[in-house]
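A.B. asks: If you want the building blocks of each chain, they are given just below.
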Amino acid sequence: MPHRAAHPIRAILDRLYFASGMLAAACLLALLVIVVLQMSARWVGTTFPGSTAYAGYCMAAASYFAMAYALNHGAHIRVNLLLSRLGRFRRGGEIWCFGIGAALSCYFSFYAYKAVYWSRKLNDISQDQDATPLWIPQLPMAIGMTILSLALLDHLVRLLFFGLTDIGDESVQDHHTE
Amino acid sequence: MEHFALTGIFLFVLFLLLGSGVWVGLALLGVAFVGMELFTNRPAGDAMITTIWTASSGWSLTALPLFIWMGEILYRTRLSADMFRGLAPWMAPLPGRLLHTNIVGCTIFAAVSGSSAATLTTVGKMSIPELRKRGYPEHMIIGTLTGAATLGLMIPPSLTLIVYGVTINESISKLFIAGILPGLVLSALFMGYVAFWSFTRPHEVPPPEPPMSFGRKIHEARFLIPVLLLVAFVIGSMYLGLATATEAASFGVIGALVLAASQRSLNRKTFVESLLGATRTSCMIALILAGAAFLSLSMGFTGLPRALAGWIASMDLSPVVLIVALTLFYIVIGMFLDGISSVVLTMAVVEPMIRQVGIDVIWFGIFIVVVVEMAQITPPIGFNLFVMQGMTKHEIGYVARTAIPMFLLMVVMVGILVAFPEIATYLPDNMRSRPG
Numbered sequence: 001m002p003h004r005a006a007h008p009i010r011a012i013l014d015r016l017y018f019a020s021g022m023l024a025a026a027c028l029l030a031l032l033v034i035v036v037l038q039m040s041a042r043w044v045g046t047t048f049p050g051s052t053a054y055a056g057y058c059m060a061a062a063s064y065f066a067m068a069y070a071l072n073h074g075a076h077i078r079v080n081l082l083l084s085r086l087g088r089f090r091r092g093g094e095i096w097c098f099g100i101g102a103a104l105s106c107y108f109s110f111y112a113y114k115a116v117y118w119s120r121k122l123n124d125i126s127q128d129q130d131a132t133p134l135w136i137p138q139l140p141m142a143i144g145m146t147i148l149s150l151a152l153l154d155h156l157v158r159l160l161f162f163g164l165t166d167i168g169d170e171s172v173q174d175h176h177t178e
Numbered sequence: 179m180e181h182f183a184l185t186g187i188f189l190f191v192l193f194l195l196l197g198s199g200v201w202v203g204l205a206l207l208g209v210a211f212v213g214m215e216l217f218t219n220r221p222a223g224d225a226m227i228t229t230i231w232t233a234s235s236g237w238s239l240t241a242l243p244l245f246i247w248m249g250e251i252l253y254r255t256r257l258s259a260d261m262f263r264g265l266a267p268w269m270a271p272l273p274g275r276l277l278h279t280n281i282v283g284c285t286i287f288a289a290v291s292g293s294s295a296a297t298l299t300t301v302g303k304m305s306i307p308e309l310r311k312r313g314y315p316e317h318m319i320i321g322t323l324t325g326a327a328t329l330g331l332m333i334p335p336s337l338t339l340i341v342y343g344v345t346i347n348e349s350i351s352k353l354f355i356a357g358i359l360p361g362l363v364l365s366a367l368f369m370g371y372v373a374f375w376s377f378t379r380p381h382e383v384p385p386p387e388p389p390m391s392f393g394r395k396i397h398e399a400r401f402l403i404p405v406l407l408l409v410a411f412v413i414g415s416m417y418l419g420l421a422t423a424t425e426a427a428s429f430g431v432i433g434a435l436v437l438a439a440s441q442r443s444l445n446r447k448t449f450v451e452s453l454l455g456a457t458r459t460s461c462m463i464a465l466i467l468a469g470a471a472f473l474s475l476s477m478g479f480t481g482l483p484r485a486l487a488g489w490i491a492s493m494d495l496s497p498v499v500l501i502v503a504l505t506l507f508y509i510v511i512g513m514f515l516d517g518i519s520s521v522v523l524t525m526a527v528v529e530p531m532i533r534q535v536g537i538d539v540i541w542f543g544i545f546i547v548v549v550v551e552m553a554q555i556t557p558p559i560g561f562n563l564f565v566m567q568g569m570t571k572h573e574i575g576y577v578a579r580t581a582i583p584m585f586l587l588m589v590v591m592v593g594i595l596v597a598f599p600e601i602a603t604y605l606p607d608n609m610r611s612r613p614g
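Chains U and B supply the protein sequences, listed in that same order. Per the numbering used here, residue 1 is the first one in the first sequence, and the count goes up by one each step. Per the numbering used here, residue 179 is the first one in the second sequence, and the count goes up by one each step.
It is worth saying that the hints were derived from the structure and are not from the lab. Ideal placement from N, C-alpha and C gives every residue a C-beta, glycine not left out. Be careful, since some hints might not be right.
[Stated by the list, open to error] Every beta carbon over 12 Å from chain B, so not counted as near; a handful from chain U, in silico:
no. : residue
1   : Arg-10
2   : Leu-31
3   : Gly-45
4   : Arg-88
5   : Ala-131
[To be verified] With a straight-line cut-off of 20 Å between C-alpha atoms, the simulated SDA-like cross-links for lysine to any residue are:
no. : chain 1 : residue 1 : chain 2 : residue 2
6   : U       : Lys-114   : B       : Thr-232
7   : U       : Lys-114   : U       : Pro-133
8   : U       : Lys-114   : B       : Ser-258
9   : B       : Lys-447   : U       : Phe-18
10  : U       : Lys-121   : U       : Ala-103
11  : U       : Lys-114   : B       : Pro-221
12  : U       : Lys-114   : B       : Gly-223
13  : B       : Lys-311   : B       : Ser-258
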């Protein structure tokens, strides 16, 4: 696409996606540290109460913070068979996908915030040994999905007004999912 | 009748969203939402968040990002070059010679990575040019590699098995251990095929390598041995009940980091790249799992799984007939969806069915992986075909044709699994497992 680097909003958004991706990576690192601590605690004969719950929270935070970042890298998979054959209707197909995607993602985000709000209001506590107030680990889910919604809307707007998006065509070499 | 129409709408939305290219995770979310709105008065959104939160923060799933990371680290080391150099001298005396490096290389890399695309690129990067240089026929190089790379899905750590285990709430360590023998049997079948080729078409086999002394062979393999030890340690710790799958995965990550550091391929850049790569991949699987968790909740309200299980029961099918039917079903699904998506999409419906006819769920996990592996090498969406096309610039049709013998061997593998289910169930039945 014609690069409109001049616009400050562009730079802010891109930085936001990237920053939340980095935050996600930090959460993954934290997950490793927690698991290692848990094992070390067992070897020296003590326990790390609630470690499995904390590990789960870190994983969830890593997953959701990375949503938009993964989207921009073309990491989220989709069935490309029809889209790639649409030819000149491709743009229409993409608008449909980003539209539906953005709507679902916004829906998800809304209820994620609602869950955080009610967890906090009702003082919902984890049933595990960690006894964490649940709204804290649930917040990353809400924030991450919001950033994903923002990214999907961002792409949708660019598709509608500039006609293109810059999501890399999934370079197959980088796909380590299968 | 009205219920029938609603089910029709539900399935139509499923095909529409998935087929039109909406990201799989979000598409499943959308279908589930439609299902909830059609079949129940429950508030969809709140039920969705509760289900998804439980699915995304569960302890058993934490093995997934760690195993992905372990593979990402080793993928960025010199393993590719070491693999070929280390294996070639040992494979040279076998009938079919160095072609076996493709298969054994894939088997070993499959044991450090749960991904067949990573397996294919790592092994192929070195073995394709080396084998070409020595004059091995192109169709054998491409075919064996494309087929053997699917072992990445079966030999632990296997991402598909983690996802399957989390979906049906079964022990991941058990599933991993169950995958070992079938993985080795399949790899032996592939090697047998290479030997068979060398006997039937001796004129295609290039001249032998110069002989090498035993000490020299060990010397060439010196970089490979630590990798084998790491694999043995990770899998062994699960088998002996010393560690849960997640803990074994964290051993794996640390071991991989140490290996990479000792090879001097670990620096700030490769560390960050491996971490980010793992973050992206686990995020994409997390989105699919989130959608799938909501979908299986919604699926329950549609009554589809119960109806199908009842229908299967009323037909009084033998398990073998059901397995044949499911094999065909998964091959067709696999033509359009990747392995993980096809597992999560179908398990809500298939699980009651297999429990109904009394099929062991651990065994079924291995079965489903073999079938999903087949889908990796069948057009139009076979993932390994794309990766191979990217690497060699051959047309997808050509790659698919070279892999046909491997595909048939996998069909044989399904037969072996049905005839001798112990291959999958013996080890998990005899392991010491650790709760959690």
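A.B. asks: So, for every hint listed, does it hold in this structure?
C.D. replies: Going down the list of hints, with the structure as the test:
1. Arg-10: Label holds. Min Cβ-Cβ 22 Å, cutoff 12 Å.
2. Leu-31: About 6 Å separates Leu-31(U) from the closest Cβ of chain B, which leaves it inside 12 Å; violated.
3. Gly-45: Given that every Cβ of chain B is farther than 12 Å from that of Gly-45(U), nearest at about 16 Å, it holds.
4. Arg-88: 16 Å, holds
5. Ala-131: 15 Å, holds
6. Lys-114(U) x Thr-232(B): It holds: about 16 Å lies between the C-alpha atoms, which stays within 20 Å.
7. Lys-114(U) x Pro-133(U): 15 Å, holds
8. Lys-114(U) x Ser-258(B): The given pair, whose Cα atoms are some 49 Å apart, is violated under the 20 Å limit.
9. Lys-447(B) x Phe-18(U): 16 Å, holds
10. Lys-121(U) x Ala-103(U): 27 Å, violated
11. Lys-114(U) x Pro-221(B): Roughly 13 Å between the alpha carbons, so the hint for Lys-114(U) and Pro-221(B) holds.
12. Lys-114(U) x Gly-223(B): 9 Å, holds
13. Lys-311(B) x Ser-258(B): This hinted pair holds, its Cα atoms lying about 17 Å apart.
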